[in-house]
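Listed in order, the protein sequences are those of chains A and B. The first sequence maps to residues 1 to 38 in our numbering. The second sequence maps to residues 1 to 181 in our numbering.
It cannot be assumed that every hint is accurate.
[Claimed, not checked] Lysine to any residue pairs mimicking SDA-like chemistry, simulated, CA-CA at most 25 angstroms apart:
1) Lys15(A) x Thr118(B)
2) Lys124(B) x Asp12(A)
3) Lys13(A) x Gly61(B)
4) Lys13(A) x Val26(A)
5) Lys13(A) x Lys124(B)
6) Lys124(B) x Glu32(A)
7) Lys13(A) x Tyr117(B)
8) Lys15(A) x Gly126(B)
9) Lys85(B) x Ser110(B)
10) Lys85(B) x Gly61(B)
11) Lys124(B) x Ser9(A)
12) Lys13(A) x Phe113(B)
13) Lys13(A) x Leu24(A)
14) Lys85(B) x Leu46(B)
15) Lys77(B) x Ser90(B)
Just so you know, the hints here were simulated from the structure itself, not pulled from any lab data.
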Amino acid sequence: VTLFGTVSSEADKTKAGMDARSVLGVHSVDIEIQVVRD
Amino acid sequence: MRSPTLRSTFTLLGFLVFTAIARAQAQPALSELEIADKARIAILGLPYYGVFDLLAFEVHGTTVTLGGDVYRASLKKEAEEAVKKIPGVSRVINKIEALPVSIDDDRIRSELFRRIYTDDFLSKYGTPVAGLDGLRLGAATGDAGSEPGPAFGRAPGGAHRFSAWSRSATTEFTSSSDRVT
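For reference, chain A alone in the conformation it holds in the complex:
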C-alpha cells in the first residue's frame, strides 16, 4: 500500500501508516506523505 498526500503533523503521518499496516492482507506500506505545517 502506498499512502500519498499531505498532512498537518508527524503524528497524523504516523497514524496513517499504522492504520494502513493494520489492514489484513497488507504486507508493506510505502509512506509518501508530506507534513505541511501552517
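Chain A is fixed; fit chain B onto it per the hints.
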C-alpha cells in the same frame, strides 16, 4: 464575372480569417508554469478523481505528458481530454496506467478507506482542510500480480514535473528529481 454579393462574402471571409490569425498571434504564449497550473486545476476538477487515483504530469514547452495510476480506467481518457482543452497545449502524451482489477485489492482499499477516514485523528482529511491537500491513498497487493505500477506517485521522466495533487506550481516545482512530492 463575380457578383457583388459573392465579392462581399469573400471580403468578409478574408477579414474574419485575418482577424482570427491576428488575435491568435496577439495572445501571449503560456509559460510552462502557467500551463502546469491550468493542468493541475483541470485534473483536480475531474469529477471521478478519487483517493485511489494518483495523477502526475510534466510540461515541456506546450506538450503535457500525463503519468500515474488510476483505479478507474476511464479516468485515463478523461484526464487526457481535460488537459487537451487547455489553451496553449499542443500535444498530450498519455502514460497513465490503469491499476489491475483485483478483488483482494478492492477489499484492502475499502478497509483502508474505512480505517483512515473514520480514525479520530485522520477523519478531518476526508473533507477539504484549509491549506492542506489532504491524504491520497493507493492500494495494491501482490494478488494477481497487481503491484503498484512504477508510475505510482511519480511523474513521467522529463524536465519539468508536477504532481496534480500539489497546491501550486512554484512550491512543488522540481527540475531534477525523479520523484514528485
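Hint-by-hint comparison with the structure:
1. Lys15(A) x Thr118(B): holds, 12 angstroms
2. Lys124(B) x Asp12(A): holds, 10 angstroms
3. Lys13(A) x Gly61(B): violated, 36 angstroms
4. Lys13(A) x Val26(A): holds, 17 angstroms
5. Lys13(A) x Lys124(B): Cα-Cα ~13 angstroms, so holds.
6. Lys124(B) x Glu32(A): holds, 19 angstroms
7. Lys13(A) x Tyr117(B): Holds, at roughly 13 angstroms.
8. Lys15(A) x Gly126(B): holds, 15 angstroms
9. Lys85(B) x Ser110(B): Distance of about 33 angstroms is beyond 25 angstroms: violated.
10. Lys85(B) x Gly61(B): At roughly 16 angstroms apart (the allowed maximum being 25 angstroms), Gly61(B) and Lys85(B) satisfy the hint.
11. Lys124(B) x Ser9(A): Distance ~12 angstroms between Lys124(B) and Ser9(A) Cα, so the pair holds.
12. Lys13(A) x Phe113(B): holds, 15 angstroms
13. Lys13(A) x Leu24(A): holds, 20 angstroms
14. Lys85(B) x Leu46(B): Cα-Cα ~13 angstroms, so holds.
15. Lys77(B) x Ser90(B): holds, 17 angstroms
Going through the hint list in order, the structure does not satisfy hints 3, 9.
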